[in-house]
Every structure is written in structure tokens, then in C-alpha cells.
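Line by line, the protein sequences give chains A and B. Each residue of the first sequence is one higher than the one before, starting from 1 at the first, in this note's numbering. Each residue of the second sequence is one higher than the one before, starting from 118 at the first, in this note's numbering.
In short, the hints are calculated from the structure, not lab data. These numbers were taken from a predicted model, which means no experiment stands behind them. For glycine and all other residues, C-beta sits at the position ideal for the given N, C-alpha and C. A few of these clues could be false.
Stated by the list, open to error - Straight-line Cα separation of at most 30 Å, DSBU-like style, residue types lysine-lysine; simulated pairs:
{"#": "1", "chain 1": "A", "residue 1": "K55", "chain 2": "B", "residue 2": "K159"}
{"#": "2", "chain 1": "A", "residue 1": "K55", "chain 2": "B", "residue 2": "K119"}
{"#": "3", "chain 1": "A", "residue 1": "K64", "chain 2": "B", "residue 2": "K173"}
{"#": "4", "chain 1": "B", "residue 1": "K159", "chain 2": "A", "residue 2": "K20"}
{"#": "5", "chain 1": "B", "residue 1": "K173", "chain 2": "A", "residue 2": "K55"}
{"#": "6", "chain 1": "B", "residue 1": "K159", "chain 2": "B", "residue 2": "K219"}
{"#": "7", "chain 1": "B", "residue 1": "K184", "chain 2": "A", "residue 2": "K64"}
{"#": "8", "chain 1": "B", "residue 1": "K173", "chain 2": "A", "residue 2": "K66"}
As the list claims (entries may be wrong) - Facing chain B, from chain A, some residues (calculated, C-beta under 10 Å):
{"#": "9", "residue": "A2"}
{"#": "10", "residue": "S43"}
{"#": "11", "residue": "L44"}
{"#": "12", "residue": "T49"}
{"#": "13", "residue": "E52"}
{"#": "14", "residue": "G53"}
{"#": "15", "residue": "S95"}
{"#": "16", "residue": "P110"}
{"#": "17", "residue": "R113"}
{"#": "18", "residue": "L117"}
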Amino acid sequence: GAVVSQHPSRVICKSGTSVKIECRSLDFQATTMFWYRQFPKQSLMLMATSNEGSKATYEQGVEKDKFLINHASLTLSTLTVTSAHPEDSSFYICSARELVSRTDTQYFGPGTRLTVL
Amino acid sequence: QKEVEQNSGPLSVPEGAIASLNCTYSDRGSQSFFWYRQYSGKSPELIMSIYSNGDKEDGRFTAQLNKASQYVSLLIRDSQPSDSATYLCAVIEGYSTLTFGKGTMLLVSP
Numbered sequence: 001g002a003v004v005s006q007h008p009s010r011v012i013c014k015s016g017t018s019v020k021i022e023c024r025s026l027d028f029q030a031t032t033m034f035w036y037r038q039f040p041k042q043s044l045m046l047m048a049t050s051n052e053g054s055k056a057t058y059e060q061g062v063e064k065d066k067f068l069i070n071h072a073s074l075t076l077s078t079l080t081v082t083s084a085h086p087e088d089s090s091f092y093i094c095s096a097r098e099l100v101s102r103t104d105t106q107y108f109g110p111g112t113r114l115t116v117l
Numbered sequence: 118q119k120e121v122e123q124n125s126g127p128l129s130v131p132e133g134a135i136a137s138l139n140c141t142y143s144d145r146g147s148q149s150f151f152w153y154r155q156y157s158g159k160s161p162e163l164i165m166s167i168y169s170n171g172d173k174e175d176g177r178f179t180a181q182l183n184k185a186s187q188y189v190s191l192l193i194r195d196s197q198p199s200d201s202a203t204y205l206c207a208v209i210e211g212y213s214t215l216t217f218g219k220g221t222m223l224l225v226s227p
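Next up, chain A with everything else stripped away, as it sits in the complex:
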């Protein structure tokens, strides 16, 4: 299947700092990427849908000014957690949509574990 990478895989930062997470589709072009967050032993929660060249669509309850998303190319989307606080500590996972013929499949990156001290 298609490959999606994320960087960094793990980050520890101080409260109040900003953290940028990159998501790349390595062998296909993704006009749409998605950002999820997952707390321990909980389900995946969709945060936002990122469309290349346009503004992201955020899910209800997700602060767009805190979680900045940029999808500047067909293979790269970034999530910036601004002024991070301990409650933002979580596992952040991106996925990229591959459209082939009439099939629509999402592939997930390996995730980024964020710890805010």
C-alpha cells in the first residue's frame, strides 16, 4: 500500500512553546489529508480535514487558532500546535487520501507522540 510518513515521531516540549508536525505522502499525491488525535485507550478523534491549497476544515470543538494546519503541496501537510499546554499531550496521527479510479483509501502515518511538560 501507499506510504505516509510523519516527523517527528516523538517530541517533548515545554508549556507555551509551539510544535510543528509534518505529514508526507511518499509515493502518491494526496489532495486531502486528515489529522487525528488519540488519547490513551480512547478512539481516534478527527481534528481536521486538510485540503491542498485551501483552508482546513476543523471538527466541532477543535480550536483552529491553536491547531494550525497548512497543506501547501500535494504531498505535505503540517500541523502546528501553538502555545502547547500539558493537556495537549497526545498521540497525533495524520492520514492521506489516495484516489485511484473509483476507490478511495486513507493511509495513516506512524503518528507523533507529543508530551508537553
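Add chain B to chain A, keeping to what the hints say.
Structure of chain B alone, referenced to chain A:
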């Protein structure tokens, strides 16, 4: 509201047995169906996709789809301890977002 229902488990099977995972969905317009496997602390990994009624086999995995009953299942033959994970059922309608079930935990005992 679109819903995808899965039994949370755990589903316990002995090594070598067949594991049967089930999922129902509420949106009759759903067109694409997926099974993801998620190990603890890792991101989901796509293991099967199915788009039309019937069975689809890939190695030890068989996905079954019945759109009339709004039901999709995953069979794992010759289950191995390494198959122990949470299995997420997901559906999508058109080009909208994936709707996930909460997942079924599978435990395969040696």
C-alpha cells in the same frame, strides 16, 4: 449522524483458530469499507478494503460485505499471537471523511 458499531471485546481465540470480527453501520449510502489494525501505541494500519457485496480474500484475511444488512465482517484464519491488536472498522460515503467504529480488541492466546 453516521455510526459504526463494533463489539469492544476483548475477543479471545486460541492460536490457529478463526477470529470473526463484526461491524454494522448506519449510513446506507456508505460505499467504501475498511478494516484497520492498531497495535497499542501505534497508528492504524490498513489491512483490508472492500467496496462491493460479497467476500474479498487476502492471505489469512477475508472481508465480507452485505450492504442490504449494512454489515461488514473480517475473518482471520489461523490466528497468531501477533494478530492480537485492536481492529477498527471504518466506512466512507463518497468523498467524505472516514467514520470509525470504536474497535474490537482481539487476543490470540498461544
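We went through each hint and held it up to the structure:
As the CA atoms of K55 of chain A and K159 of chain B are separated by approximately 28 Å, the hinted pair is consistent with the 30 Å bound. At most 30 Å may separate the alpha-carbon atoms for a hinted pair to count; K55 of chain A and K119 of chain B meet this at roughly 24 Å. Pair hint K64 of chain A plus K173 of chain B does not hold up; C-alpha atoms about 40 Å apart against a cutoff of 30 Å. For the proposed pair K159 of chain B and K20 of chain A, the alpha carbon gap of about 20 Å is at most 30 Å, so the pair holds.
Taking the CA atoms of K173 of chain B and K55 of chain A, the gap is about 37 Å. The hint is violated against a cut of 30 Å. In summary, the hint linking K159 of chain B to K219 of chain B is supported, as the alpha carbons are separated by about 16 Å, within the 30 Å threshold. Between K184 of chain B and K64 of chain A the alpha-carbon distance is near 37 Å, which puts this suggested pair outside the 30 Å criterion. Our distance criterion of 30 Å between C-alpha atoms is broken by K173 of chain B and K66 of chain A, whose separation comes to about 42 Å.
For A2 of chain A, the interface hint holds, since its Cβ comes within 10 Å of a Cβ in chain B; the closest pair sits about 9 Å apart. Given the 10 Å rule on beta carbons, the hint for S43 of chain A holds: about 5 Å separates it from the nearest Cβ of chain B. With a least beta-carbon distance of about 6 Å to chain B, the hint placing L44 of chain A at the interface is held under the 10 Å criterion. A distance limit of 10 Å between C-beta atoms decides the matter here; for T49 of chain A the minimum to chain B is near 6 Å, and the interface restraint holds.
Evaluation of the E52 of chain A hint against chain B yields a violated restraint, the C-beta minimum of about 14 Å exceeding 10 Å. Residue-level restraint check for G53 of chain A is violated (minimum Cβ-Cβ distance to chain B is 16 Å; threshold 10 Å). A cut of 10 Å between beta carbons decides the hint on S95 of chain A: the least distance to chain B is about 8 Å, and the hint holds. A cut of 10 Å between beta carbons decides the hint on P110 of chain A: the least distance to chain B is about 5 Å, and the hint holds.
Restraint check, R113 of chain A versus chain B: the minimum CB separation of about 8 Å is within 10 Å; hint holds. Hint status for L117 of chain A relative to chain B: violated, with the closest Cβ pair at about 20 Å, above 10 Å.
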